[in-house]
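Q: Here is how the chains run, residue by residue.
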Amino acid sequence: MFFRIPRRALLRLASPLVILALWQGLSALGVIPARIIASPATIAATFWTLATTGRIGVDLAVSLGRVAAGLAIGIASGTVLAIVAASSRRGETIIDPPMQMIRAVPLLGLTPLLILWFGIGETPKIALVALSSTFPVYLTLFGGIRSVDPKLVEAACVFGLDRWGLIRHVIVPGALPSALVGVRYALGAAWLSLVVGEQINADRGIGHVIMDARDFLRTDIIVVGLVIYALLGLASDAIVRAIEHRALAWRPSLVRAEA
Amino acid sequence: MRETGVRVSALRRTFGANTVLDGVDLEIAPGEFVALLGRSGSGKTTLLRTLAGLEAPSAGRVVVPDRRAVAFQDARLLPWKRVWENVALGLPPSDARRRAHEALDEVGLAARRDAWPATLSGGEAQRVALARALVRAPELLLLDEPFAALDALTRLRMHLLVGELWRRHDPAVLLVTHDVDEAVLLADRVLVLEYGRIAHTFTIDLPRPRESAQRRFAHHRRTLLAALGVELPNPTFEQIVAGSF
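Listed in order, the protein sequences are those of chains A and B. Take the first sequence: its position 233, counting from 1, is numbered 233 in this note's numbering, and each next residue is one higher. Take the second sequence: its position 104, counting from 1, is numbered 104 in this note's numbering, and each next residue is one higher.
Simulated from the structure, these hints should not be mistaken for lab results. Here a beta-carbon is modelled for each residue, glycine too, at the ideal position from N, C-alpha and C. Any given hint might turn out to be false.
Computed beta-carbon distance windows for the label pairs [as the list claims (entries may be wrong)]:
# : chain 1 : residue 1 : chain 2 : residue 2 : range
1 : B       : R197      : A       : A76       : 47 to 57 Å
2 : B       : G229      : A       : T93       : 44 to 54 Å
3 : B       : G23       : A       : A76       : 49 to 59 Å
4 : B       : R197      : A       : Q100      : 27 to 37 Å
5 : B       : L54       : A       : L226      : 55 to 65 Å
6 : B       : V230      : A       : Q100      : 52 to 62 Å
7 : A       : Q199      : B       : D95       : 58 to 68 Å
Here are some chain A residues the structure puts well away from chain B; computed CB gaps all over 10 Å [said to hold, decoys possible]:
#  : residue
8  : L13
9  : K151
10 : I222
Chain B is nowhere near these chain A residues, computed Cβ spacing over 12 Å in every case [stated by the list, open to error]:
#  : residue
11 : W23
12 : V31
13 : A104
Could you build all of it, start to finish, from the sequences and the hints given here?
A: So, in structure tokens, the structure goes:
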């Protein structure tokens with residue numbers, strides 16, 4: 001039942017396919033020159049060549065590594081900050097104001113500063129990803145912890161949970177739905193900042209492939225790079241949604257779907 | 001051996017300028033079942049919460065047993081833990097699962113022990129809440145209007161279940177309720193709280209099991225309702241002859 005593609009979904013594919021066909025046709029007629037954008041067929045062929053010759057694999061691994069490192073730092077620091085800020089008034093007073101202020105700064109605009117501070121190696125790229133993924137996690141987890149039903153906290157106290165037990169059995173699972181939404185936002189922000197970070201003096205990574213292709217007017221390779229970014233974004237989002245589905249199996253909406 | 005009942009003397013609790021409990025004296029013997037009646041806002045729930053340790057007294061002395069358990073009006077199950085895990089909450093992990101299963105057996109929910117709380121009916125959720133309270137072998141069981149939100153038939157079944165569990169486990173019980181019949185059916189003693197003090201105490205000396213159609217049951221109900229300010233019309237001669245009041 002879950003694997004049957006509904007009619008509506010098929011219908012929704014119609015207009016993208018028409019656009020692709022038009023694009024291909026206009027490229028073939030020479031109306032759209034390849035230096036503006038390559039034809040879909042050329043792009044597909046380039047994709048295949050890059051994928052099979054293994055050249056793109058190394059760059060893919062480098063990009064993935066940057067996002068993974070940045071996300072790990074960003075999610076960890078967002079989580080710690082949110083827990084400290086949400087668990088006491090004093091914590092909130094100390095942590096929340098600067099977080100709200102920094103959040104107002106367009107983080108991608110920090111790139112020149114990051115280059116001055118960290119040079120042009122891996123550090124500024126990872127720092128950019130880490131910075132931009134910290135805030136979504138902080139904001140959603142902070143809100144999630146604060147919205148845990150105080151009646152449940154009270155009941156758990158009556159039944160003898162200590163502070164650690166309370167965090168483990170009540171606060172964390174109660175805040176998890178919001179936190180996972182935050183992680184999905186963080187993923188989006190992470191890929192975006194990776195794209196920006198990699199376009200500045202990267203010598204490896206998908207962004208480097210794109211910048212390299214620009215120098216040789218290879219619009220086909222540029223599009224392949226963008227498609228890879230998009231696929232990575234979709235794949236990582238799908239992973240988090242799968243985690244959501246497992247970890248939040250108790251939610252009434254999912255419980256009913258199961259029954 | 002079990003000398004730890006409840007001893008409360010001159011308990012006061014104020015919230016700002018508002019005095020909710022104004023000199024409450026209360027003793028509950030080990031194994032005694034006490035029901036607490038009173039109008040809304042009379043301080044019933046505050047008194048129960050104080051005994052649970054959820055409210056600090058503003059003045060006065062409160063002595064309660066160490067092992068206490070509460071069943072709230074809303075069952076307050078953690079929605080992200082399966083039924084048995086809710087019951088096992090806070091137990092030493094070595095035998096938590098076994099004890100939780102036994103407790104669920106006792107309230108007749110063995111079949112639902114792996115269910116999510118979101119799938120339970122109101123009555124089932126309250127039975128889980130009872131199991132979660134009983135699994136700790138409490139010396140004092142605090143019931144805060146646990147049946148108020150249930151339909152009439154489910155409530156009757158819950159009354160039987162609570163009576164049975166109390167007989168078997170023998171904790172001291174404080175039942176906060178609005179339901180006069182419930183109080184007469186279950187309690188050894190019924191207290192009426194008024195303006196932050198215990199205004200009336202009634203001993204219910206009916207033999208168990210009790211049944212609301214009994215004549216002396218009706219007498220207790222009438223007396224209690226009068227104490228709560230509800231005067232029933234006097235029974236007619238025919239009703240008395242028919243024995244139906």
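Q: Look at each hint and say if it fits the structure.
A: Now for the hints, and whether the structure bears them out:
1. B/R197 - A/A76: 47 to 57 Å: holds (55 Å)
2. B/G229 - A/T93: 44 to 54 Å: At roughly 49 Å between Cβ atoms, A/T93 and B/G229 fall inside 44 to 54 Å, so the hint holds.
3. B/G23 - A/A76: 49 to 59 Å: Holds - the Cβ-Cβ distance for B/G23 and A/A76, about 54 Å, lies within 49 to 59 Å.
4. B/R197 - A/Q100: 27 to 37 Å: About 50 Å separates the Cβ atoms of B/R197 and A/Q100, which means 27 to 37 Å is violated.
5. B/L54 - A/L226: 55 to 65 Å: Roughly 58 Å apart at Cβ, these two residues keep to the hinted range, so it holds.
6. B/V230 - A/Q100: 52 to 62 Å: holds (56 Å)
7. A/Q199 - B/D95: 58 to 68 Å: holds (60 Å)
8. L13: Per Cβ check, A/L13 is outside 10 Å of chain B; nearest 36 Å; holds.
9. K151: violated (6 Å)
10. I222: Answer for A/I222: holds, closest chain B Cβ roughly 46 Å.
11. W23: holds (48 Å)
12. V31: Non-interface label on A/V31 holds, nearest chain B Cβ at 58 Å vs cutoff 12 Å.
13. A104: holds (34 Å)
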